[in-house]
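> Listed below are the residues making up each chain.
There are 2 protein chains.
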Amino acid sequence: MSATAEKFRSISPAEFFYRNKEIAGFANPARALYQAVRELVENALDATDAHGILPNIEVSIERDSVKQYVYRISVKDNGIGIPEKYIPEAFGKVLFSSKYVLRQTRGLFGLGAKMVILYGQMTVGEPAEIISAAINSRRIYSYRIMIDVRENKPIIVSKGVWPNNTGWHGTMVKVAIEGDWSRAKQKILDYIKRTAIVTPYANIVFKTPDGEIYTYLRVTETIPPPPRETKPHPHGVDLELIKTMISETKAQRLIDFISEEFQGVGNVIAERFLTKYGFDPSKDPKTLSKEELELLVKALKEFNEFRKPRADHLSPIGAELIKIGLNSILKPEFVDAVTRKPVVYEGHSIIVEVGIAYGGSIQPSEEVVLLRYANKIPLLYDEKSDVAWKVVSENIDWSYYGIVFPAPLAILVHICGTKIPYKGVGKESIAEVPVIEKEIEEGVRQVARSLKLYLARKQKEEEMMRKAVTIIKYVPEVA
Amino acid sequence: MSATAEKFRSISPAEFFYRNKEIAGFANPARALYQAVRELVENALDATDAHGILPNIEVSIERDSVKQYVYRISVKDNGIGIPEKYIPEAFGKVLFSSKYVLRQTRGLFGLGAKMVILYGQMTVGEPAEIISAAINSRRIYSYRIMIDVRENKPIIVSKGVWPNNTGWHGTMVKVAIEGDWSRAKQKILDYIKRTAIVTPYANIVFKTPDGEIYTYLRVTETIPPPPRETKPHPHGVDLELIKTMISETKAQRLIDFISEEFQGVGNVIAERFLTKYGFDPSKDPKTLSKEELELLVKALKEFNEFRKPRADHLSPIGAELIKIGLNSILKPEFVDAVTRKPVVYEGHSIIVEVGIAYGGSIQPSEEVVLLRYANKIPLLYDEKSDVAWKVVSENIDWSYYGIVFPAPLAILVHICGTKIPYKGVGKESIAEVPVIEKEIEEGVRQVARSLKLYLARKQKEEEMMRKAVTIIKYVPEVA
Ligand SMILES: Nc1ncnc2c1ncn2[C@@H]1O[C@H](COP(=O)(O)OP(=O)(O)O)[C@@H](O)[C@H]1O
Ligand SMILES: Nc1ncnc2c1ncn2[C@@H]1O[C@H](COP(=O)(O)OP(=O)(O)O)[C@@H](O)[C@H]1O
Ligand SMILES: [Mg+2]
Ligand SMILES: [Mg+2]
Ligand SMILES: [Mg+2]
Numbered sequence: 000m001s002a003t004a005e006k007f008r009s010i011s012p013a014e015f016f017y018r019n020k021e022i023a024g025f026a027n028p029a030r031a032l033y034q035a036v037r038e039l040v041e042n043a044l045d046a047t048d049a050h051g052i053l054p055n056i057e058v059s060i061e062r063d064s065v066k067q068y069v070y071r072i073s074v075k076d077n078g079i080g081i082p083e084k085y086i087p088e089a090f091g092k093v094l095f096s097s098k099y100v101l102r103q104t105r106g107l108f109g110l111g112a113k114m115v116i117l118y119g120q121m122t123v124g125e126p127a128e129i130i131s132a133a134i135n136s137r138r139i140y141s142y143r144i145m146i147d148v149r150e151n152k153p154i155i156v157s158k159g160v161w162p163n164n165t166g167w168h169g170t171m172v173k174v175a176i177e178g179d180w181s182r183a184k185q186k187i188l189d190y191i192k193r194t195a196i197v198t199p200y201a202n203i204v205f206k207t208p209d210g211e212i213y214t215y216l217r218v219t220e221t222i223p224p225p226p227r228e229t230k231p232h233p234h235g236v237d238l239e240l241i242k243t244m245i246s247e248t249k250a251q252r253l254i255d256f257i258s259e260e261f262q263g264v265g266n267v268i269a270e271r272f273l274t275k276y277g278f279d280p281s282k283d284p285k286t287l288s289k290e291e292l293e294l295l296v297k298a299l300k301e302f303n304e305f306r307k308p309r310a311d312h313l314s315p316i317g318a319e320l321i322k323i324g325l326n327s328i329l330k331p332e333f334v335d336a337v338t339r340k341p342v343v344y345e346g347h348s349i350i351v352e353v354g355i356a357y358g359g360s361i362q363p364s365e366e367v368v369l370l371r372y373a374n375k376i377p378l379l380y381d382e383k384s385d386v387a388w389k390v391v392s393e394n395i396d397w398s399y400y401g402i403v404f405p406a407p408l409a410i411l412v413h414i415c416g417t418k419i420p421y422k423g424v425g426k427e428s429i430a431e432v433p434v435i436e437k438e439i440e441e442g443v444r445q446v447a448r449s450l451k452l453y454l455a456r457k458q459k460e461e462e463m464m465r466k467a468v469t470i471i472k473y474v475p476e477v478a
Numbered sequence: 000m001s002a003t004a005e006k007f008r009s010i011s012p013a014e015f016f017y018r019n020k021e022i023a024g025f026a027n028p029a030r031a032l033y034q035a036v037r038e039l040v041e042n043a044l045d046a047t048d049a050h051g052i053l054p055n056i057e058v059s060i061e062r063d064s065v066k067q068y069v070y071r072i073s074v075k076d077n078g079i080g081i082p083e084k085y086i087p088e089a090f091g092k093v094l095f096s097s098k099y100v101l102r103q104t105r106g107l108f109g110l111g112a113k114m115v116i117l118y119g120q121m122t123v124g125e126p127a128e129i130i131s132a133a134i135n136s137r138r139i140y141s142y143r144i145m146i147d148v149r150e151n152k153p154i155i156v157s158k159g160v161w162p163n164n165t166g167w168h169g170t171m172v173k174v175a176i177e178g179d180w181s182r183a184k185q186k187i188l189d190y191i192k193r194t195a196i197v198t199p200y201a202n203i204v205f206k207t208p209d210g211e212i213y214t215y216l217r218v219t220e221t222i223p224p225p226p227r228e229t230k231p232h233p234h235g236v237d238l239e240l241i242k243t244m245i246s247e248t249k250a251q252r253l254i255d256f257i258s259e260e261f262q263g264v265g266n267v268i269a270e271r272f273l274t275k276y277g278f279d280p281s282k283d284p285k286t287l288s289k290e291e292l293e294l295l296v297k298a299l300k301e302f303n304e305f306r307k308p309r310a311d312h313l314s315p316i317g318a319e320l321i322k323i324g325l326n327s328i329l330k331p332e333f334v335d336a337v338t339r340k341p342v343v344y345e346g347h348s349i350i351v352e353v354g355i356a357y358g359g360s361i362q363p364s365e366e367v368v369l370l371r372y373a374n375k376i377p378l379l380y381d382e383k384s385d386v387a388w389k390v391v392s393e394n395i396d397w398s399y400y401g402i403v404f405p406a407p408l409a410i411l412v413h414i415c416g417t418k419i420p421y422k423g424v425g426k427e428s429i430a431e432v433p434v435i436e437k438e439i440e441e442g443v444r445q446v447a448r449s450l451k452l453y454l455a456r457k458q459k460e461e462e463m464m465r466k467a468v469t470i471i472k473y474v475p476e477v478a
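Sequence order for the protein chains is A and B. Counted from 1, the first sequence has number 208 at position 209 by numbering that gives the first Met the number 0; the numbering is strictly sequential. Counted from 1, the second sequence has number 244 at position 245 by numbering that gives the first Met the number 0; the numbering is strictly sequential.
Hints in this document: simulated from the structure, not taken from any laboratory. Some hints could be false.
Where chains are identical, the list cannot tell them apart; a pair therefore holds if satisfied intra-copy or between any two copies.
When the alpha-carbon atoms are kept at most 27 Å apart in a straight line, the in silico DSS-like pairs for lysine-lysine are as follows [to be verified]:
#  : residue 1 : residue 2
1  : Lys98     : Lys152
2  : Lys206    : Lys6
3  : Lys84     : Lys307
4  : Lys289    : Lys66
5  : Lys98     : Lys75
6  : Lys289    : Lys206
7  : Lys330    : Lys383
8  : Lys6      : Lys158
9  : Lys158    : Lys242
10 : Lys192    : Lys307
11 : Lys451    : Lys192
12 : Lys6      : Lys152
13 : Lys66     : Lys297
14 : Lys389    : Lys192
15 : Lys472    : Lys389
16 : Lys437    : Lys230
17 : Lys330    : Lys75
18 : Lys66     : Lys275
19 : Lys383    : Lys289
20 : Lys389    : Lys186
21 : Lys192    : Lys383
22 : Lys437    : Lys186
23 : Lys249    : Lys459
24 : Lys84     : Lys6
25 : Lys249    : Lys152
26 : Lys418    : Lys472
27 : Lys472    : Lys383
28 : Lys184    : Lys437
29 : Lys192    : Lys230
30 : Lys383    : Lys437
Please read these numbers as outputs of a predicted model, since none were measured by experiment.
Using the sequences plus the hints, can you model the full thing?
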C-alpha cells in the first residue's frame, strides 16, 4: 500500500487547457496551425457579419527565416473591435467571452483566442499582439500580451495608443506559434474555401508562407440578417437554469417571471400555465421551495401551449445559398436543399439545413461524401464521430431512395443555433443529441425523396427516349 | 450594424462544463448513464490498484419506482478513501484533484466525479452522497453535496460522522441522474467486462436495474507494481513548464535544479550539459532572462546524453495478460502481444502495448476489430477518430503481412503514461500525436510480423500435409 499521502489541489482553467491542449485541437504542429487560423478567422467573422458588417478579412501566415518551425499568423478584420478595457482579458483570460449569451455565434467557449496564444507561449514564447479600435473609438490600442497560466490572467507586456484619424474599426491579432505548414496546408485551404462558400458577402484574402495569395472576393453585398440575442424557451429549462434565472430576474411575481424571461410566453399563456399546474401567479419566484422548483421545471417542459420556438433570431445559410455552394464546389447533375423548422434543445432554438448533390462531377464512391457546417463554420475533422455521419451511414437505407453504392452522392448538413452541442472544444464534431439526430434524419429524407423523384423522372424520360428510338428504328420496317 | 454593446464576462469552470456537458460525454441520457458509471468506477480503481490494494468494487444502478427516467448509481470501493477535509472539494469543485501529479492514473482532468454530480443536479436535483474513510481513519464521514455552479464550489447539504470500528477504508458515492438503461446497457456491460479483463486481480460486482448481477471474481492475487510519481524528462519541457518548475524549485544553483528536478539526469551529466551550452552551473535559476530560458528549453530538448525516459514508474498491462485477455474474449487461433520501450511525450513517459489475435472464433470482417485501452481504461466510443484507428486502417498495408480482407483480425492497443493526450474530456479517443502514432505503428508491425510468420509456417505445414497425402495416395499405385 503506498504510504505517501495524496496531494490535492485545484488548477485554473488556463492551466487545465495548457495541460490538455490536445482537447482543444492543438495536438501536433500541423493541427495546431490549422486550429489557430480557424479560431482567429472565426473571431473575425463573429465581429463582422454577426453585426451586419460586410467582412473584409486578411489572413497571413509567415515562416520565420531562422526558426523554420515558427510561423507568424496575423488575422485582420473590419469588425466591431473590442473596447479597450476588455482587450487584456478577452485575449488573456481563459473562459472570458462576450459570447456567453443566447445568440448564434461561431465562438462559444471563450477559449479560442486564448488557446492560440497559450500554444504560442508554450512553443515559441513571444507575446501575442492585439491591435483594436471599437466602433467610434477615437483611439487605436495595441497590446502585447502573455497569459499567466497559474492565475489565469493576462500579463500586459506593453501597450500603445494612437489617434484613430480615419475612423477605422476592427481588430488585428498577431501570434507566433510552432506549426507545420506543409502538413496543414491542404486543410487550411479547404477550411478557407469552405468558409468563403457560405459567406459570399465577405472578402477574404489569405497569404500563405509560400507567398501565394488566395482571394475570395465578395459576390453579393446582401448580408443575411444578423443573428439576435434571445431568451430561453420554456421547454428547454433545467433545474440549474431556472435557479440562475430566478436569482437574476427583476420580476417579483411568478407570472411576470414566466412571461418576461422566456420566449414564446405572453401574459395569457403564462396565467393559463400557472393555473393548470396550481402555482400562485403572484408568488415571488425567489420564495419557491426546492420541491416547487422541481415541479415548475417539469411543468415548463410538459405544457404544450407555449408558442413554438422562434427562429427569427437565428441566421441560417438558406436553401438557395446551399444549392449555389454545392453547385460551385461539386458541379453535380442534381442539387436540392432544405431549411428545416426550428426545434429546441435545452432552451436553445436550433435549425438544421440539409443539401444534397448527385452525379455530374462527383466521383462515385462507397460512402456518402459529407460536408458538415455548424453556425457557418466548416467542420473538417472527426467526421466519423459526428451525429450527421451516423445519420447518413446508419439511419438511412439509401436503396429505398434508389441509390446503390458506389454512388456519386454528397450531403451537406448545417446546424445553427444559440448552442451547438460539439463533442469537443476543438469544434470538430457534433454529439448524438436525439432531437438533432432526428432533425438531420428528416432533412436528409426530405432531400433524398426529391432526388428519388428526379431519378425516377430521369429514368422515365430515358425509357421514353429508348421507346422513341425503338419506334423510330421499327418505323421504316413497318412502313 | 447592431447597436447593442457586447456583454463581456467570465464563467467558472463549473459553469463551463455545465453549459457544455456534451464535451464531457453527457450528450444524452444513455451516454450519460454510461459515462457516469465509468467515471465512478475509474475513481474506485485509481483508489485501489494504484495504491497496491486488491480492488473490491460494487456497482449498482437502480431505477426509481416512480420517475422511470431516474437512476440511482452507487459505486463502493475499498480504496484509500479521502481525507475528510478534501471530500467537499473533491466532489464539489471542478478542476480539483489529487491526480495533477506525474503518475499514471485513470483520472487526470479533475472533472469526472463533478460531471456526474452536475449532471444529476441538472436532471434530477438531488444532492450526491459521499461516504468515505481514509486509511487508519477512526471515523467514517458522510457528506451530501451539491455544486454551486456560478462559484464553482461545494454546497454541503448535510454531514454525518460515525466511529470506524471495523477499520474500514474506502469510498462510496451515490448519485441520482437521468438515464436510459435500455440504450446504455450493452455499452455498460462491455465496459465492465473489458475493465475486468485487464484487472484480473479485482473483484467487480455489478447489479443492474433489471436485478441481474454480473460478478467478475479475482483470478489472481498478484497485483502489478503500482504506478509511482515521477519527474519530468528534460526532452519534454516547454517554456511554461520550465518557468513553473523554476518558480517552485528549492535549488539555488542551475546545476542542482537540472539534476534534482528532472528524471534521467545525474550530477555529471548535468554539468556536461550546462558546459556544452555555455550556462554557468552556479547561476541561480530564478535569475535567468527570457532569452536564457528559451535557450535552456531548446538545449534540454536537444541534448542527447540524458538517460532514456524511465518506465519503472508506469504500470503497463503486460504482454502475457494481454494475450490471456485476447484469448478469453476472442478465442482466436493465434495471439501475440508486445510491450514497447517507453518514449517521451512532452516530459511524460509513455508505453504502448499492442496485441494481435487472428482466426478461431473471430468472424471475418472488412475492417480490423480494434480494442483500445488507455491507462487500463477501455475506450468504447469514437473509435474512428482515434490515432490507433488511423494506424490500423491507413498506415499499415495488411496485404504485406499476408492478410486479405475480409479477415478474422483483431488488434488491441494500450497506451499508458503519466499523460494521455485524449481528444476530449470524455476520454474516448486519443489524439494524433506523432510519437504515439509511431509507437503504435511499430508495435502493430511487430505483432503483424509474428502473425505473418505463423501464417507462413501454417501454410508450409499444410503444403507438407498435402504432399504427404499425395505421396500416400500415389504410394499404392507405384507399389
Ligand atoms: N477579431 C475580434 N473582434 C472583436 N472581438 C474579438 C475578436 N477576437 C476576439 N474578440 C473578443 O474576445 C472574446 C474572446 O474570444 P475567444 O477567446 O476566441 O472566445 P469566444 O470566441 O468563444 O468568445 C470574444 O468573445 C470577443 O468578444
Ligand atoms: N473512490 C474514490 N476514492 C478515493 N478518492 C476519490 C474517489 N473518487 C474521487 N476521489 C478523489 O476525488 C478527486 C476528484 O475526482 P474526479 O473529479 O473524478 O477527478 P480525477 O479523477 O480526474 O482526479 C480525485 O483526484 C480523488 O482524489
Ligand atoms: Mg473565438
Ligand atoms: Mg472528440
Ligand atoms: Mg476521476
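> Each hint: holds or not?
Going down the list of hints, with the structure as the test:
no. : hint              : result
1   : Lys98 <-> Lys152  : both (19 Å within a copy, 24 Å between copies)
2   : Lys206 <-> Lys6   : neither (49 Å within a copy, 33 Å between copies)
3   : Lys84 <-> Lys307  : neither (40 Å within a copy, 49 Å between copies)
4   : Lys289 <-> Lys66  : between (61 Å within a copy, 17 Å between copies)
5   : Lys98 <-> Lys75   : within (20 Å within a copy, 41 Å between copies)
6   : Lys289 <-> Lys206 : neither (58 Å within a copy, 31 Å between copies)
7   : Lys330 <-> Lys383 : within (25 Å within a copy, 29 Å between copies)
8   : Lys6 <-> Lys158   : between (40 Å within a copy, 23 Å between copies)
9   : Lys158 <-> Lys242 : between (41 Å within a copy, 24 Å between copies)
10  : Lys192 <-> Lys307 : neither (36 Å within a copy, 45 Å between copies)
11  : Lys451 <-> Lys192 : neither (30 Å within a copy, 45 Å between copies)
12  : Lys6 <-> Lys152   : both (25 Å within a copy, 19 Å between copies)
13  : Lys66 <-> Lys297  : between (60 Å within a copy, 12 Å between copies)
14  : Lys389 <-> Lys192 : both (25 Å within a copy, 26 Å between copies)
15  : Lys472 <-> Lys389 : neither (49 Å within a copy, 56 Å between copies)
16  : Lys437 <-> Lys230 : within (24 Å within a copy, 49 Å between copies)
17  : Lys330 <-> Lys75  : neither (32 Å within a copy, 60 Å between copies)
18  : Lys66 <-> Lys275  : between (70 Å within a copy, 21 Å between copies)
19  : Lys383 <-> Lys289 : neither (42 Å within a copy, 44 Å between copies)
20  : Lys389 <-> Lys186 : both (23 Å within a copy, 17 Å between copies)
21  : Lys192 <-> Lys383 : both (22 Å within a copy, 25 Å between copies)
22  : Lys437 <-> Lys186 : between (30 Å within a copy, 22 Å between copies)
23  : Lys249 <-> Lys459 : neither (65 Å within a copy, 85 Å between copies)
24  : Lys84 <-> Lys6    : between (38 Å within a copy, 12 Å between copies)
25  : Lys249 <-> Lys152 : between (32 Å within a copy, 25 Å between copies)
26  : Lys418 <-> Lys472 : neither (63 Å within a copy, 76 Å between copies)
27  : Lys472 <-> Lys383 : neither (51 Å within a copy, 55 Å between copies)
28  : Lys184 <-> Lys437 : between (35 Å within a copy, 22 Å between copies)
29  : Lys192 <-> Lys230 : neither (34 Å within a copy, 45 Å between copies)
30  : Lys383 <-> Lys437 : both (18 Å within a copy, 22 Å between copies)
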